[in-house]
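J.: Each chain, written out:
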Amino acid sequence: MASLRLEHISKMFGRTTVLDDISLHAADGEFVVLLGPSGCGKSTLLRIIAGLEQQTSGTVRIGEEIVDALPPRERDIAMVFQQYALYPHLTVRENLAFGLKMRKEPPAVIEARLAEVAKLLEIEDLLDRKPKELSGGQRQRVAMGRAIVRKPKLFLFDEPLSNLDARLRASMRVELKKLHRRLQATIVYVTHDQVEAMTLGDTIVILDQGRIQQIGAPEQIYQEPSNPFVASFIGSPPMNLIEGQIRCVEEGFEFRAGNFVLGLPLRSGEASRLDGKPAILGIRPEDIALSAPPTPSVERPATIDLIENLGADCLVYLIVDGQRLIARASSVPPQQAGETCTVFMSFSKFHVFIDGRRIA
Amino acid sequence: MHMQSLTRAPRTQADRHTGRLMILPMLVVVSVFSLYPAVDSFLLSLHRWFLGLPSLGRPFVGLDNYREFLQDPIAHQALLVTAGFVLASTALELLLGLGIALVIHEHFVGRGGVRAAILVPWAIPTVVASQMWRFLANDQYGAINLVLFGDDIGAYVPWLADPWSAFGIIVLADVWKTSSFAALLILAGLQLIPDDLYDAARVDGATAWQRFWHLTLPLLKPALLTALLFRTIDAFRVFDLVFVMTQGGPGDATQVIQFYGYKTLFTEGRVGYGTTISVTVFVVILMLSFLYVRMVGSKLLERRAT
Numbered sequence: 001m002a003s004l005r006l007e008h009i010s011k012m013f014g015r016t017t018v019l020d021d022i023s024l025h026a027a028d029g030e031f032v033v034l035l036g037p038s039g040c041g042k043s044t045l046l047r048i049i050a051g052l053e054q055q056t057s058g059t060v061r062i063g064e065e066i067v068d069a070l071p072p073r074e075r076d077i078a079m080v081f082q083q084y085a086l087y088p089h090l091t092v093r094e095n096l097a098f099g100l101k102m103r104k105e106p107p108a109v110i111e112a113r114l115a116e117v118a119k120l121l122e123i124e125d126l127l128d129r130k131p132k133e134l135s136g137g138q139r140q141r142v143a144m145g146r147a148i149v150r151k152p153k154l155f156l157f158d159e160p161l162s163n164l165d166a167r168l169r170a171s172m173r174v175e176l177k178k179l180h181r182r183l184q185a186t187i188v189y190v191t192h193d194q195v196e197a198m199t200l201g202d203t204i205v206i207l208d209q210g211r212i213q214q215i216g217a218p219e220q221i222y223q224e225p226s227n228p229f230v231a232s233f234i235g236s237p238p239m240n241l242i243e244g245q246i247r248c249v250e251e252g253f254e255f256r257a258g259n260f261v262l263g264l265p266l267r268s269g270e271a272s273r274l275d276g277k278p279a280i281l282g283i284r285p286e287d288i289a290l291s292a293p294p295t296p297s298v299e300r301p302a303t304i305d306l307i308e309n310l311g312a313d314c315l316v317y318l319i320v321d322g323q324r325l326i327a328r329a330s331s332v333p334p335q336q337a338g339e340t341c342t343v344f345m346s347f348s349k350f351h352v353f354i355d356g357r358r359i360a
Numbered sequence: 361m362h363m364q365s366l367t368r369a370p371r372t373q374a375d376r377h378t379g380r381l382m383i384l385p386m387l388v389v390v391s392v393f394s395l396y397p398a399v400d401s402f403l404l405s406l407h408r409w410f411l412g413l414p415s416l417g418r419p420f421v422g423l424d425n426y427r428e429f430l431q432d433p434i435a436h437q438a439l440l441v442t443a444g445f446v447l448a449s450t451a452l453e454l455l456l457g458l459g460i461a462l463v464i465h466e467h468f469v470g471r472g473g474v475r476a477a478i479l480v481p482w483a484i485p486t487v488v489a490s491q492m493w494r495f496l497a498n499d500q501y502g503a504i505n506l507v508l509f510g511d512d513i514g515a516y517v518p519w520l521a522d523p524w525s526a527f528g529i530i531v532l533a534d535v536w537k538t539s540s541f542a543a544l545l546i547l548a549g550l551q552l553i554p555d556d557l558y559d560a561a562r563v564d565g566a567t568a569w570q571r572f573w574h575l576t577l578p579l580l581k582p583a584l585l586t587a588l589l590f591r592t593i594d595a596f597r598v599f600d601l602v603f604v605m606t607q608g609g610p611g612d613a614t615q616v617i618q619f620y621g622y623k624t625l626f627t628e629g630r631v632g633y634g635t636t637i638s639v640t641v642f643v644v645i646l647m648l649s650f651l652y653v654r655m656v657g658s659k660l661l662e663r664r665a666t
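Read top to bottom, the protein sequences are chains U and Y. With the numbering used here applied, the first sequence corresponds to residues 1 to 360, in that order. With the numbering used here applied, the second sequence corresponds to residues 361 to 666, in that order.
Okay, chain U solo, but in the shape it has when bound:
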């Protein structure tokens, strides 16, 4: 295994900038998830790491070695593709052995590795089948097996679970996590699914429009999103974002959006600079409570627009001083849709963004 370091990677297709100055580091054994909406450049970045695509500028290091000039076969990486890309004319056994054969490994070594991987992934019974005789989940295992059997320095996963149905995806996710723990492998994993990112990643890299929006541990990304994009991209339902203005008042600061006014816990040193600035206030649905929380909070009267019962918890669609907010409640509130209630919002859970950056 090895670490991976990307330094100022940019990629242009013609005049379109697909990736803009991407720098990141994956430590030896780290599970890094590249997360972003489709078209954000995450797959292109993965292909650049693999050597399937050449960056316009910047450097890729695997271990200590600069690999920019090396073709994929000399980078000692393995990749799992979204469509699995299993060789349709070869049996599972031949698919697994393909890479080792191409590298002219002795048959005894191939045989031993094959047995090891087949056992690890529990695909011993499938070895003599062709890919078309396998289910989606089985193909997925074989595709992973083909990567693992080579014992590469680095694993690259390109949305490997996106072709599976929801139930299978959940179970494969758990297996992947176990597999990572067992192999202690360095993994770069591309996905647009935030659940996969949150559950699998040691580090999440959020990409949008070819730029890194934030790099951080899952909790950090969730609790301290660095800009409104990250705030709205992570979390389901997404964070409530209200566009308004910062005002300097006698008691400190307040956030104002039409009739919606909230006092803000900002340090007063920033006073003059912030006064009158347009700002975005963010509150996660679970930070809006329908009963008084133990922490200091503001309360507001609200009208209930709609209640969605999800079973484990429920979503309450509210109108607070003219603003539409979604709250997540652990139990169905006693009020009906159309009735009023009181909501509580903790000061410490406010997210404030000015000029696209987080300030609190």
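Derived by calculation from the structure, the hints in this document are not laboratory data. Incorrect hints may appear among the rest.
Straight-line Cα separation of at most 25 Å, BS3-like style, residue types lysine-lysine; simulated pairs [stated by the list, open to error]:
1. U/Lys132 x Y/Lys581
2. U/Lys101 x Y/Lys581
3. U/Lys151 x U/Lys177
4. Y/Lys581 x U/Lys130
5. U/Lys119 x U/Lys101
Start from chain U and add chain Y according to the hints.
T.: Chain Y only, in chain U's frame:
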């Protein structure tokens, strides 16, 4: 897999009736233009009939014509020439077609133009192409001689007068004309191979040659077999090239079986025996077709299902 997913809605009696009505015109056309001539030819081949000698009538002779065919050394020679032509032209066309297909499958500036240009020879009518090659191979003003020997007129070779070179020129003309057809079929096969597989193979460590040998060729097998089928059958029926360029000569060096049949029937007026030769060609091609369809057909379906 796909076959099963296309489950049929239950048909009513009226539906079946409409269905039959709709295929009726096609059945009529096929019967009049294919079935009737084939059956009639077979019946003709069981008779002795000389065109110029009506007084002899058209006696039924059973399989006499076929017995004669089995013992006719000229027919055997013609079959041999045909087999040689089929082998040489099909092999060269598939090889060249594969090469062309691989080139025009790549991305490069002007690919569309090259693809169109490649198809030009195939679009030219065979008779015109044959005439052109006859000119090219001419012993006095042929371009082949000009390119090879320039002003040295003494060295000019009468290509179509030598048995081997005449055969070679005919193969060359056929290869020139139909390689692009093979290329087209093979290109279609190439386009069916997902790019992902090549990416996977590159990451797996396969060199360009290994990718060609372990991925492209095996995955191209159905397309190659299809091209082989079409080219073999076409080559076996070769007639116009020979008719225009050599009339089967020099001697019987380029007399392919179809041309021998034509000569027997129309020049010599031996309708019964000439038809026997045609029927034989028909049967050989029919068997070839069955063989290939059994070999290729199942594979093609299998490929679709993945």
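J.: State for each hint whether it applies.
T.: Against the structure, the hints come out as follows:
1. U/Lys132 x Y/Lys581: This hinted pair holds, its Cα atoms lying about 17 Å apart.
2. U/Lys101 x Y/Lys581: 22 Å, holds
3. U/Lys151 x U/Lys177: 17 Å, holds
4. Y/Lys581 x U/Lys130: 17 Å, holds
5. U/Lys119 x U/Lys101: 20 Å, holds
This entry satisfies every hint, going by the numbered hints stated previously.
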